[in-house]
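Novice: Here are the chains, one letter per residue:
Protein chains: 2
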Amino acid sequence: MIRLITRGAKVTRTTVSHADLMGAPASAVRGAIRTGSYTGHTAGLAAGKLQCNLAILPERYALDFLRFCQRNPKPCPIVGVGDTGDPSLPTLGRDIDIRTDVSKYRVFRDGALSEEVTDISDVWADDLVPVALGCSFTFENALVRNGIPVRHLETGRNVPMFRSNIDLVPAGRFGGKMVVTMRPIPTEQVESAREISRRYPQAHGAPIAVGDPSQIGIADLSAPDWGDAVDIKDGEIPVYWACGVTPQNVLLAAGLPICITHSPGHMLVADVAEDAETTILP
Amino acid sequence: MIRLITRGAKVTRTTVSHADLMGAPASAVRGAIRTGSYTGHTAGLAAGKLQCNLAILPERYALDFLRFCQRNPKPCPIVGVGDTGDPSLPTLGRDIDIRTDVSKYRVFRDGALSEEVTDISDVWADDLVPVALGCSFTFENALVRNGIPVRHLETGRNVPMFRSNIDLVPAGRFGGKMVVTMRPIPTEQVESAREISRRYPQAHGAPIAVGDPSQIGIADLSAPDWGDAVDIKDGEIPVYWACGVTPQNVLLAAGLPICITHSPGHMLVADVAEDAETTILP
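Protein sequences appear in the order of chains G and E.
Using our numbering, read the first sequence as starting at 449 and increasing by one per residue.
Using our numbering, read the second sequence as starting at 449 and increasing by one per residue.
Chain G with its partners taken away, still in its complex shape (with noise of 0.2 Å):
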C-alpha cells in the first residue's frame, strides 16, 4: 500500500473500492474521491465519460503552456480549461472542484517533485490555472468495443510508454520530445485501429507510427521508459499512439516554480461523453 500524504479536508481512508464504483455515475465517482472515500485509479470507472489528464500552473506561463498543446495536439489535446483562480471546470462537469476531486495529485516546485497528496485545497492559489487534457482511456474504450485487442489491459498491466525522438513544436519554455504509448495490434487490424482511433481527437487521435521502432527513436520495446513492457505476438505489429505523460514531462523540464498534475492513473472524471463532438457540455 503506498502511503499517502493526506491534506486539506480529506482523511486517510478508503471505505469504497473500486469494484464499488463500478457503474456509478460520474458525478458519485468525484464525490466517493472528494469526500476522500476513495483514492484508487479511475480506469474502467464511469464507462463511456471522458477522463482527462490534468495540469494546473500559474496564470502568468497558461498563454504559452496553452500555445504549446495547440501546436501539439496529438500528444496534448485539450479538453477544458478553467478560469483564474477558479476550481470549477463547468464545460466538463457541473459540480466538478479540481482541488478536491481527483483522487491523488503530484505538486511539482521548481521543476522536481514535491509531495504527491489527496487534496489540493491548501496548495490552490488566486493564480493558478486549470488546464484538463484527452487521455488514452477513450479511444482504448473504442478499440475494445470493436473487438480490436489491447495487450495491457488484457494482461492487467500499464501501457509501456517510451521517449520518442520526435520534437514537439515548441511555444514559450515548453518543449522537448514526444512520448509515445505502444500497443501490439494484430497486422490485419491495424488499418481498423488507425480508422478508430483517428475518431476521437480529443484522446491521441490516429497513431503516429507504425512497426519499426527504431524509426521514432525507441532502442528496446522490452524495456519502456514508464509502465510495463508487453508481450507482441506473431502476427502483431507494434503501434505508437501519443502519449499524455508528454506535458508532464514538458512541464516537469520547464521548471515552474510550481505546477500540479494528476497522479499516473488517477484521472479527473468528467460529465461530458467520451464520444460526443466537443468536449463542452451541453
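Since the hints were made in silico from the structure, they are not lab data.
Mixed in with the good hints, there may be bad ones.
It does not matter which identical chain is used: a pair holds within one copy or between any two.
Claimed, not checked - Pairs of lysine to any residue residues, derived as SDA-like cross-links and limited to a Cα-Cα distance of at most 25 Å, are as follows:
1) Lys625 x Pro730
2) Lys681 x Ser670
3) Lys625 x Arg542
4) Lys625 x Asp512
5) Lys625 x Glu725
6) Lys625 x Pro538
7) Lys625 x Thr726
8) Lys625 x Arg646
9) Lys625 x Asp676
10) Lys681 x Pro632
11) Lys681 x His600
Please arrange chain E on chain G, whose structure you already have, making use of the hints.
Specialist: Just chain E now, kept in the frame of chain G:
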C-alpha cells in the same frame, strides 16, 4: 469597386485576377497577396487547403480569448496561434507573414471599425498575438464533393448569417450569442450532411440545429443579419451551422483598444490540407 486604403509595403493595384490564381498553390496565392498583386476574396483558391478566419489581439487579452475559443469550439475552432509579436504562423504555413498575407483586413479600435486595409505592417506591434480559426469553406467543399448542394454557392451569393439566441460560454470579457449560417438541404440528405460536416471539427463540425428557425431565436429566414437570403425549395430543410462571424462579433463587443480581423471572404490561406487530422504542418 471598394475603395481600399492601402498602407505599408503594398501598392494599390490588382495585377492578378481570381481566375489567374485558380489552381495555384497556397504559397503562390499568399505571394500574390503579399506583393499587392491580388486583393480579392479567397473562395475557391488553393483547393484542398485550409482557409482561416483571423483574429489578432493584444497579449493581455489572449489567454481569455483562447479560453473563450476552447469553450466554444463550434463557432471558434482554433487552428493556429502565433507567438506574441511574431507575425509568422509556422504551424499553418512555412512562409506566412500575417502582416501582409491576407488580402483585406479590418482594424478595430475601442470596439469600432477604424479602417479596412490590405496590409497591417504599420499597425503591427510587439504585443500582438495572431489567432487563426477554422472556416466554413472546408466543410462546404466536403458537402459539394459528396453531392450535397450548397445553395449560396450555386447562386453566387454570400451565405446567409443570423444572430441566434444561443448563449456562448463566456471567458473574461468575451461572450455573447452565437452567429449561425443557414444552408437549405434536401430532407433525405440532412443526415449525410451532418455526418460529413462532423468530420471537420476544425471547421465548425456538425450542424447546431435543423428545421424551425424559431428554436434558435431566428424570426425570419428571408432577412439574414449578414450575407444574402437564399431560397428554400420544396423538400428542403434549413440546416444551421456555427459561424466564424461569432468570434468577430465577440471581439467587437469586447471593445479592445485594438484588434484586427480579416475582411469577410478574404481568408488566410494555409498550407495545411483541409482534411488533415490536425491543423499542424508535419
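Novice: Up to 25 Å between alpha-carbons, please classify lysine 681 paired with histidine 600: within, between, both or neither.
Specialist: within (13 Å within a copy, 55 Å between copies)
Novice: Using 25 Å as the alpha-carbon threshold, which applies to lysine 625 and aspartate 512: within, between, both, or neither?
Specialist: This pair counts as within: shortest intra-copy Cα distance 17 Å, inter-copy 28 Å.
Novice: Is it within, between, both, or neither for lysine 681 and proline 632, if the alpha carbons may be no more than 25 Å apart?
Specialist: within (8 Å within a copy, 53 Å between copies)
Novice: My question is about lysine 625 and arginine 646: at a cut-off of 25 Å on alpha-carbon distance, are they close within one copy, between copies, both, or neither?
Specialist: Close inside one copy (22 Å), not across copies (31 Å); limit 25 Å.
Novice: Given a CA cutoff of 25 Å, do lysine 625 and aspartate 676 count as a within-copy pair, a between-copy pair, both, or neither?
Specialist: Classified as within: same-chain Cα gap 20 Å, cross-chain 49 Å, threshold 25 Å.
Novice: If the cutoff is 25 Å on CA atoms, where do lysine 625 and proline 538 land: within, between, both or neither? Let me know, please.
Specialist: between (32 Å within a copy, 18 Å between copies)
Novice: With 25 Å as the alpha-carbon cut-off, assign the pair lysine 625 and arginine 542 to within, between, both or neither.
Specialist: between (35 Å within a copy, 21 Å between copies)
Novice: Is it within, between, both or neither when you check lysine 681 against serine 670 at 25 Å Cα-Cα?
Specialist: within (13 Å within a copy, 63 Å between copies)
Novice: Checking lysine 625 and threonine 726: alpha-carbon separation at most 25 Å within a copy, between copies, both or neither?
Specialist: between (28 Å within a copy, 18 Å between copies)
Novice: At 25 Å max between alpha carbons, let me know whether lysine 625 reaches glutamate 725 within a copy, between copies, both or neither.
Specialist: between (29 Å within a copy, 20 Å between copies)
Novice: Classify it for me, lysine 625 with proline 730: is the Cα-Cα distance of at most 25 Å met within a copy, between copies, both or neither?
Specialist: between (35 Å within a copy, 15 Å between copies)
Comparing the model with each earlier hint shows no violations; every hint is respected.
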